[in-house]
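Novice: Chain residues, written in single-letter form:
Number of protein chains: 2
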Amino acid sequence: MKFDRILLEHGGGGLLSNNLIAETFLPLLQNTYLERLEDGAVFDVGGVRLCISTDSYVVNPLFFPGGNIGSLAVHGTVNDISMCGGKPLYLSCGFIIEEGFPTADLERIIRSMGEAAANAGVQIVTGDTKVVAKGAADGLFINTSGIGVVEYPSVISVRSIRPGDLVIVNGPIGDHGAAVMSKRQELGYETDVVSDSAPLNSLVADILKASPNVHCMRDATRGGLGAILAEIAGQADLEITIAEKDIPVREEVKGICEILGLDPLFLANEGKMIVFCPEADAPAVLAAMRAHPYGRDAVLIGRVEKGIRGRLIMATIIGGSREVDLPVGELVPRIC
Amino acid sequence: MKFDRILLEHGGGGLLSNNLIAETFLPLLQNTYLERLEDGAVFDVGGVRLCISTDSYVVNPLFFPGGNIGSLAVHGTVNDISMCGGKPLYLSCGFIIEEGFPTADLERIIRSMGEAAANAGVQIVTGDTKVVAKGAADGLFINTSGIGVVEYPSVISVRSIRPGDLVIVNGPIGDHGAAVMSKRQELGYETDVVSDSAPLNSLVADILKASPNVHCMRDATRGGLGAILAEIAGQADLEITIAEKDIPVREEVKGICEILGLDPLFLANEGKMIVFCPEADAPAVLAAMRAHPYGRDAVLIGRVEKGIRGRLIMATIIGGSREVDLPVGELVPRIC
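Chains as they are written, first to last, in our numbering: chain A, 3 to 338; chain B, 3 to 338.
If we strip away everything but chain A, and leave its shape as in the complex, we get (with noise of 0.2 Å):
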């Protein structure tokens, strides 16, 4: 269904999400790139296999619990190329900065981008300012394109996910999202709740080098655990089946989703990742990202199945199983 107007839940993540890249996005910009919706492109310069991801950045508000949309940004544009199997190398930075944003503001946010950037080994080298008048931006815009070389010798894609594939997850889910929420809304109480924005690409890398068979990665940002793994089913038109009792989640972000109505499935992510690989590989795979810091809590939480069509089953705590849709309303704008 199309709209005459964009709605926020166009940016949710969600299935008006996908429609809106499916039905406006595809059609007019039509290339094969494009068309595999994955996190960032792959492709050969010369005979070097590299790829290249974009995101811009809006979160509301600009610092949270645990980072910064500077940190973030650079976060972000990282783990989409570490996604594709790439080697995150260099990032561009593009800013659309309101009239009378305060400079300390800028400097601390620009500051963070440059240590997250050390910490993720990568460099910011080239950028972009523009200053939009009072009104006509929301404090502070931020764009991040990154470019990664590729030396894995197998494609990493949802077109690669194959029925017996094991699902694993890196940690607790749902941490940025409950921290950006916990900032944003009035809760009552101090959390002690933070987001898990992390450079995931070293820990990308272990789990690489752990196995040969690595089908695809994705992170769990927008949308979730839940709309990333219903889409990747969709889009890899197979069964997925997750154990709800599997999925780890903090009792701290537990008490958060209550009190605002939220699904820790659906709450966004900026340091947590699946991986899809063949069963006799995961015992490697599990183990490589247990010995990460940011693999510690690393877990099997389902697996891929031939199923009718390609849809997410969840298995729920009081013993039934259920589908889990693409979300449709906007749960959390403005997260990333």
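Simulated from the structure, these hints should not be mistaken for laboratory data.
Warning: the hint list may mix true and false statements.
The list treats identical chains as interchangeable, and a pair is accepted whether it falls inside one copy or across any two copies.
Listed below are the simulated BS3-like cross-link pairs for lysine-lysine, each with C-alpha atoms no more than 27 Å apart in a straight line [unchecked claim]:
#1 LYS136 x LYS4
#2 LYS136 x LYS185
#3 LYS211 x LYS256
#4 LYS136 x LYS247
#5 LYS211 x LYS89
#6 LYS308 x LYS247
#7 LYS185 x LYS211
#8 LYS185 x LYS256
Starting from the known structure of chain A, arrange chain B on it as the hints suggest.
Specialist: Frame of chain A, contents of chain B only:
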């Protein structure tokens, strides 16, 4: 001088833009690529020389005579990569859309991007879409980033400019700025000035084929020919002399500038570039430019001299000469 808050002038392409980059971005993100202050960054990956560039587009209005934000966003990044001597290959796009934005306008803009990319021979291979609430952005902002391969053997950079180099521009200046301003302001009459927005990559390919000694290329966008040349003179620490009588400006553009109190020298272009090359190579470069549709009106406008310090000197039509400074104020906000 530092300001507590970001001013519109910090985005104008003049002195305050340069100060913001020099005082805030460079010290916090320090690396040798950024410090070069070129239109993009050039580096090697696996033995292949690449360049990347990024720009965010906030032009107002979104549709203007000769183009729209979509075609502009493609041309701008194609041109920035070209100015580094790169052959642009792949672009990313990041959309920040205000809730309520008309879907038909979005489609028109994306269609223009697709057409502009096809005309320039590049592909838009990855993207991102964010939606922010009504009032949190002014309609639509687009970031494009891009990657190109650099095959030209010598270094195209401000640092390569030498005394004795000649300065060539590929045609009349100020068209883009005048077209956008004529649409934004009430002129009281119809004008037929259209933006010069165009992809310059094939023109650049012809220039580089014509001479192995091109020292520097720059597109004269935000800040116009005057700001770009003054900036280059400062960066190169050489004196650039230009003759006002040789600088091509259309009569209609002069007319709009008189009405609106603007100087075409500082009016943005989106299809105009400056070439620096040794005197001996200038005839071949000029001939190659004039044989190309986007360089038909190419002319020699100046020369690089040793000078006492980096500055831009213009011989005026009335017979005197004056130093052209980087503009301090914001001439035309949101011109690109």
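Novice: Hints first: check each against the structure and report whether it holds.
Specialist: Here is how each hint holds up against the structure:
no. : hint            : in the structure
1   : LYS136 x LYS4   : between (32 Å within a copy, 19 Å between copies)
2   : LYS136 x LYS185 : both (24 Å within a copy, 21 Å between copies)
3   : LYS211 x LYS256 : neither (34 Å within a copy, 63 Å between copies)
4   : LYS136 x LYS247 : neither (48 Å within a copy, 39 Å between copies)
5   : LYS211 x LYS89  : within (13 Å within a copy, 34 Å between copies)
6   : LYS308 x LYS247 : within (22 Å within a copy, 74 Å between copies)
7   : LYS185 x LYS211 : neither (38 Å within a copy, 57 Å between copies)
8   : LYS185 x LYS256 : within (16 Å within a copy, 53 Å between copies)
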